[in-house]
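Q: Model the full assembly from the supplied sequences, consistent with the hints where possible.
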Amino acid sequence: ALELALEELKSLEPGQKVNFTATAKKYGCDRSTLSKRFRGLQASREQQYENQRHLNDQQEKSLLQYIDDLCKRGLPPTHQMLRNFA
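At position 81 of the sequence shown (counting the first as 1) the number is 81 in our numbering, and the numbers step up by one without a gap.
Because the hints were derived from the structure by calculation, they are not lab data. Check before you lean on any hint, since a few could be wrong.
Per label pair, the in silico range of CB-to-CB distance [to be verified]:
(1) Tyr-27 with Pro-76: 46 to 52 Å
(2) Lys-61 with Ala-22: 42 to 48 Å
(3) Val-18 with Arg-73: 28 to 34 Å
(4) Leu-64 with Lys-36: 19 to 25 Å
(5) Leu-55 with Asp-30: 46 to 52 Å
(6) Arg-83 with Thr-33: 51 to 57 Å
(7) Ala-86 with Lys-26: 31 to 37 Å
(8) Leu-12 with Glu-60: 35 to 41 Å
(9) Met-81 with Thr-21: 15 to 21 Å
(10) Leu-63 with Pro-14: 42 to 48 Å
(11) Ser-11 with Ser-32: 18 to 24 Å
(12) Ile-67 with Leu-12: 46 to 52 Å
With a cut-off of at most 20 Å between alpha-carbon atoms, the simulated SDA-like pairs for lysine to any residue come out as follows [claimed, not checked]:
(13) Lys-25 with Glu-50
(14) Lys-61 with Glu-50
(15) Lys-61 with Leu-82
(16) Lys-26 with Leu-2
(17) Lys-36 with Leu-4
(18) Lys-36 with Asn-56
(19) Lys-61 with Pro-76
All C-beta atoms in this analysis are idealised placements derived from N, C-alpha and C, irrespective of residue type, glycine included.
A: Laid out in structure tokens, this is it:
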């Protein structure tokens, strides 16, 4: 619902008045969240999670492959080994 409300607000013509209260009621979402998200003050939970990650998807896959290779050789990695690889 929030994404639909944001799409409607983004589709407004320049100079057209933004009515967060009416739009939030129409889509059944919180007005303050809609306002903050529209103005870029608050990111979605998914975006906040992405910003906190230390490794991107490719790096994570490489690390998992490294761990799997070590385990297949009978050498389970230590925490220090993983830290060094990451």
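Q: Which numbered conditions among the earlier hints are violated in the structure presented, ordered from lowest to highest?
A: Hints 3, 4, 5, 6, 7, 9, 13 and 18 contradicted; others consistent.
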